[in-house]
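Engineer: Sequence:
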Amino acid sequence: MIASSVSLPSECVLRQASEQDIKSIRKLVWSAKLDPTQLRWEQFWVIECEGKLAACGQLRNFTGAQELGSLVVAKDWRDRGLGIYLTKHLIQQATKPLYLECLGTRLAAFYTRFGFVEVSVQDLPQSLKFKFGLSQLAKILFRIPVTIMQYRENFL
1 MIASSVSLPS
11 ECVLRQASEQ
21 DIKSIRKLVW
31 SAKLDPTQLR
41 WEQFWVIECE
51 GKLAACGQLR
61 NFTGAQELGS
71 LVVAKDWRDR
81 GLGIYLTKHL
91 IQQATKPLYL
101 ECLGTRLAAF
111 YTRFGFVEVS
121 VQDLPQSLKF
131 KFGLSQLAKI
141 LFRIPVTIMQ
151 YRENFL
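The sequence shown begins at 1 in our numbering and counts up one residue at a time.
Everything labelled a hint here was simulated from the structure, so no lab data went into it.
Fair warning: there could be bad hints in the mix.
Restraint ranges, calculated between C-beta atoms of paired labels, are given here [to be verified]:
(1) Gln20 to Gln122: 37 to 45 Å
(2) Gln126 to Glu50: 16 to 24 Å
(3) Glu19 to Gln93: 14 to 22 Å
(4) Arg15 to Lys131: 34 to 42 Å
(5) Gln93 to Val117: 16 to 24 Å
(6) Arg152 to Val6: 15 to 23 Å
(7) Lys88 to Arg26: 19 to 27 Å
(8) Lys129 to Gly51: 36 to 44 Å
(9) Ile144 to Glu42: 27 to 35 Å
(10) Lys129 to Asp76: 31 to 39 Å
(11) Glu19 to Arg143: 35 to 43 Å
(12) Thr112 to Ala32: 18 to 26 Å
(13) Thr112 to Glu19: 33 to 41 Å
(14) Arg78 to Arg26: 16 to 24 Å
With a straight-line Cα cutoff of 30 Å, these simulated DSSO-like cross-link-like pairs (lysine-lysine) come out [said to hold, decoys possible]:
(15) Lys33 to Lys96
(16) Lys33 to Lys129
(17) Lys88 to Lys52
(18) Lys75 to Lys52
(19) Lys88 to Lys27
(20) Lys23 to Lys88
(21) Lys131 to Lys96
(22) Lys27 to Lys52
(23) Lys96 to Lys129
(24) Lys131 to Lys75
(25) Lys96 to Lys27
(26) Lys27 to Lys75
(27) Lys131 to Lys33
(28) Lys131 to Lys27
(29) Lys129 to Lys27
(30) Lys33 to Lys75
(31) Lys131 to Lys23
(32) Lys131 to Lys88
(33) Lys23 to Lys33
On a predicted model such as this, the values are computed, not experimentally measured, just so you know.
Where is the CB? At the ideal position from N, CA and C, for every residue including glycine.
Please put together the full structure from these sequences, using the hints given.
Structural biologist: Structure, rendered in structure tokens:
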């Protein structure tokens, strides 16, 4: 369970992304080796600290679902609660069933603390089956640990 008292450092502000943020968002996403496609600044929330982008994350819209994606905290700002704060905010902003996919067991454990549970491709809405199905193919072919998760709001 996550402490509900996580707050932003005083030198940081959470805001919706603007068009001017797209280069910084791309740089953060690429630095984390995340999927660089579908990076639309209109879907992003960012945390700006000391005038620079310190974290970003987006809610991608699909038919009947949303995906929490591209959540990255800049190296210099890690371990200060920014990822927790931004994840909670994105969950609160979601208006449809919320899903995500993550590489590795460490990330899956991080999202489990918020109420995300592992689901299979078969349990996904049709609009996400193809997108997440491709990563499941990579999981089989290249032995990459990929976990698909759904947020269950009754968890917290």
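Engineer: With reference to the structure, classify each hint as holding or not holding.
Structural biologist: Status of the hints after comparison with the structure:
no.: 1; hint: Gln20 to Gln122: 37 to 45 Å; in the structure: 41 Å, holds
no.: 2; hint: Gln126 to Glu50: 16 to 24 Å; in the structure: 44 Å, violated
no.: 3; hint: Glu19 to Gln93: 14 to 22 Å; in the structure: 19 Å, holds
no.: 4; hint: Arg15 to Lys131: 34 to 42 Å; in the structure: 28 Å, violated
no.: 5; hint: Gln93 to Val117: 16 to 24 Å; in the structure: 20 Å, holds
no.: 6; hint: Arg152 to Val6: 15 to 23 Å; in the structure: 20 Å, holds
no.: 7; hint: Lys88 to Arg26: 19 to 27 Å; in the structure: 24 Å, holds
no.: 8; hint: Lys129 to Gly51: 36 to 44 Å; in the structure: 41 Å, holds
no.: 9; hint: Ile144 to Glu42: 27 to 35 Å; in the structure: 30 Å, holds
no.: 10; hint: Lys129 to Asp76: 31 to 39 Å; in the structure: 38 Å, holds
no.: 11; hint: Glu19 to Arg143: 35 to 43 Å; in the structure: 39 Å, holds
no.: 12; hint: Thr112 to Ala32: 18 to 26 Å; in the structure: 20 Å, holds
no.: 13; hint: Thr112 to Glu19: 33 to 41 Å; in the structure: 34 Å, holds
no.: 14; hint: Arg78 to Arg26: 16 to 24 Å; in the structure: 19 Å, holds
no.: 15; hint: Lys33 to Lys96; in the structure: 27 Å, holds
no.: 16; hint: Lys33 to Lys129; in the structure: 22 Å, holds
no.: 17; hint: Lys88 to Lys52; in the structure: 21 Å, holds
no.: 18; hint: Lys75 to Lys52; in the structure: 12 Å, holds
no.: 19; hint: Lys88 to Lys27; in the structure: 23 Å, holds
no.: 20; hint: Lys23 to Lys88; in the structure: 24 Å, holds
no.: 21; hint: Lys131 to Lys96; in the structure: 17 Å, holds
no.: 22; hint: Lys27 to Lys52; in the structure: 12 Å, holds
no.: 23; hint: Lys96 to Lys129; in the structure: 16 Å, holds
no.: 24; hint: Lys131 to Lys75; in the structure: 28 Å, holds
no.: 25; hint: Lys96 to Lys27; in the structure: 28 Å, holds
no.: 26; hint: Lys27 to Lys75; in the structure: 12 Å, holds
no.: 27; hint: Lys131 to Lys33; in the structure: 18 Å, holds
no.: 28; hint: Lys131 to Lys27; in the structure: 23 Å, holds
no.: 29; hint: Lys129 to Lys27; in the structure: 28 Å, holds
no.: 30; hint: Lys33 to Lys75; in the structure: 13 Å, holds
no.: 31; hint: Lys131 to Lys23; in the structure: 24 Å, holds
no.: 32; hint: Lys131 to Lys88; in the structure: 24 Å, holds
no.: 33; hint: Lys23 to Lys33; in the structure: 15 Å, holds
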